[in-house]
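Make the full structure from the sequences, and use the hints.
Chains as they are written, first to last, in full-length UniProt numbering: chain C, 1 to 364; chain A, 1 to 364.
Think of the hints as simulated: they come from the structure by calculation, not from any bench.
Computed from a prediction, not measured in an experiment: that's the story for all the values here.
There could be a bad hint or two in this list.
Within a straight-line C-alpha distance of at most 25 Å, the following computed PhoX-like cross-link-like pairs (lysine-lysine) qualify [what the hints assert, rightly or not]:
#1 C:178 / A:241
#2 A:285 / A:178
#3 A:285 / A:150
#4 A:241 / C:248
Number of protein chains: 2
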Amino acid sequence: MIHNRRDFLQLSALAGAAALTTPLAGFAWPGQQKKLGIALIGLGGYATNQLAPALLQTQHIELRGIVTGTPSKIPVWVEKYKIPEKNIYNYDNFDKIADNKDIDVVYVVLPNSMHAEFTIRAAKAGKHVICEKPMSVSVKEGEAMIAACKKAGRQLAIGYRLHYDPFHLEMMRLSREKVFGEVKLVEASDGFRAGDPAQWRLHHALSGGGPLMDVGIYAIQGARYTIGLEPTYVTAQAFPKTDPQKFKDIEESLAWQLYFPNGAIANSFSTYITNVNRLYAAAEKGWFELNRAYGYKGQEGRTSQGPMQITPINQQAAHMDGVAKAILENRPNNVPGEEGLRDMKIIEAIYASMAAAGKKLKIG
Amino acid sequence: MIHNRRDFLQLSALAGAAALTTPLAGFAWPGQQKKLGIALIGLGGYATNQLAPALLQTQHIELRGIVTGTPSKIPVWVEKYKIPEKNIYNYDNFDKIADNKDIDVVYVVLPNSMHAEFTIRAAKAGKHVICEKPMSVSVKEGEAMIAACKKAGRQLAIGYRLHYDPFHLEMMRLSREKVFGEVKLVEASDGFRAGDPAQWRLHHALSGGGPLMDVGIYAIQGARYTIGLEPTYVTAQAFPKTDPQKFKDIEESLAWQLYFPNGAIANSFSTYITNVNRLYAAAEKGWFELNRAYGYKGQEGRTSQGPMQITPINQQAAHMDGVAKAILENRPNNVPGEEGLRDMKIIEAIYASMAAAGKKLKIG
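Given below as structure tokens:
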């Protein structure tokens with residue numbers, strides 16, 4: 001368990017997640033003088049309420065540009081974050097960002113169906129890319145995004161903030177160090193009640209899918225890193241829709257099971273009609289869980305020996321700082337495109353199993 | 001939430017579970033003078049460590065007889081519980097219990113495959129019957145048991161102690177009174193690590209099935225009474241065996257999904273290889289859960305508004321007192337054979353779905 005700051009620093013180092021939200025006295029990271037500049041593409045809720053405020057806390061990266069299709073949003077951002085006129089783009093002139101030396105990294109925060117296009121355009125413009133999850137709406141798109149960034153010699157990172165969150169790092173550690181023996185079972189569920197019927201996530205053309213793509217992906221992630229292996233087979237069940245009008249394009253609720261090569265299993269659930277939010281691991285000699293697990297804050301952790309004592313951090317700041325540091329040090333980041341692609345392969349297999357009445361299917 | 005003794009009494013009355021472990025001053029139940037006499041059939045761990053000690057705390061029923069196939073066990077019981085010689089039977093001479101006025105109720109605590117035979121023999125001997133869960137190893141046997149008790153004019157109760165447990169009564173109340181709105185989702189899992197390979201529960205001829213029959217049945221129960229409806233369809237998945245030798249006769253781990261007529265769903269898991277023990281309900285405006293949920297003690301309850309404040313009771317004493325009181329008052333008990341039969345129909349559908357590669361099947 002993480003009991004204090006020193007434990008957390010050790011844990012961060014162990015996990016390779018050297019993302020800190022406060023400077024260390026007398027210690028300078030290599031390249032600390034230089035901060036990377038980031039531009040946010042898409043000024044929706046996540047960019048506005050999470051990413052931009054987090055970028056006021058980051059050590060290695062700072063907000064310098066915005067890309068938006070809604071000109072009316074611009075004045076607020078200019079005033080609040082002192083964005084210079086020359087660092088403001090729209091979706092049409094975005095490619096000119098290639099000539100802008102202020103911007104090293106582009107963060108794609110658009111609806112899922114636009115991730116591939118803007119990741120590839122950003123890579124072609126010579127920028128490193130952070131792309132929100134899910135990385136794409138298909139495996140094929142994900143592969144093209146990875147290839148584009150590779151060809152451009154730029155990093156691709158997925159918006160998997162929880163890889164930098166101390167609660168989830170503790171789940172990974174408890175599994176990896178076999179503190180309670182080998183993990184045999186994970187129960188991981190993530191769902192919420194989707195309100196506004198007009199929101200893009202309810203429309204397949206923009207989202208590529210329903211709660212599985214949106215939040216179920218966190219349960220997939222949780223199962224993978226809490227078991228510490230890659231699943232090989234999947235079964236999945238679609239539940240009947242209680243609101244067929246609202247969810248006419250996408251699944252409303254589903255369950256799925258992941259089968260891991262060592263016999264470990266994960267049973268998961270995701271939905272747009274109710275709140276559920278948990279990552280539970282049963283191991284040979286005990287259990288450990290986060291409940292709630294996947295939010296921006298409010299995590300609680302417990303093990304069969306008692307509560308986890310962990311101090312929350314700003315996940316978004318830690319995530320962007322972690323990626324920035326990897327770029328500055330010219331080493332791979334912790335959440336590369338390949339990590340996103342593994343989830344896309346699992347998601348495609350889950351949708352295929354649901355379509356085949358729950359048939360057990362090989363992943364990938 | 002249950003905050004004090006008065007709340008618990010009100011709750012017990014509401015739920016029809018008027019099973020109290022301490023007498024109420026100045027208040028006499030109808031028939032309180034008369035205590036029923038019970039005989040335990042099968043002196044294994046549950047009878048020895050749970051039921052017999054609980055019968056020292058009951059108000060309406062007391063231990064007067066034993067039925068065992070192992071004569072070496074008799075002296076300890078005679079000494080500890082003052083069982084008279086004339087109230088001791090073996091499996092061959094058991095039917096003579098018909099002539100024994102000391103014994104009103106027989107509690108069948110034998111391996112599952114013997115439940116039907118001894119329930120029917122006890123009914124024919126004119127005794128009321130409490131039968132441990134699962135009530136039988138098939139729907140057909142369960143129907144025969146109900147018919148036999150009906151024909152004999154005697155009550156049949158299943159060993160569903162949790163219907164008398166204040167934590168579970170609170171889950172039922174929160175659902176029934178829609179304290180957090182309508183329940184949309186239940187996650188219910190129950191499993192443990194089965195040790196001794198020689199134990200009867202690992203052998204299909206005695207158990208009729210694996211963890212589903214043994215502990216998964218609690219997750220089925222939990223889903224049913226927390227949603228407050230009967231499921232109509234089921235899907236189920238068997239997981240690959242990690243110890244095919246130990247579990248050659250039975251499933252090792254499985255998941256299943258119950259589909260309720262109002263669109264509510266339950267996702268469940270059961271296993272013999274690791275500990276998992278939880279009943280979680282997500283409703284429209286909040287959630288409530290027991291974790292751990294199904295043990296003889298150690299329950300913890302929480303809701304989205306905070307911890308449940310509930311004082312644990314002796315479940316077995318409450319259960320047997322509750323059934324005894326129903327018998328004394330000549331009204332149906334809370335856990336009749338029909339309640340057990342509903343679970344057997346679900347269990348048979350789960351096994352059928354697993355055998356049909358997870359096909360969605362109608363229950364019953």
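Hint by hint, here is what the structure shows:
no. : hint          : in the structure
1   : C:178 / A:241 : holds (21 Å)
2   : A:285 / A:178 : holds (9 Å)
3   : A:285 / A:150 : violated (43 Å)
4   : A:241 / C:248 : violated (38 Å)
Of the numbered hints given earlier, the model fails hints 3, 4; all others are met.
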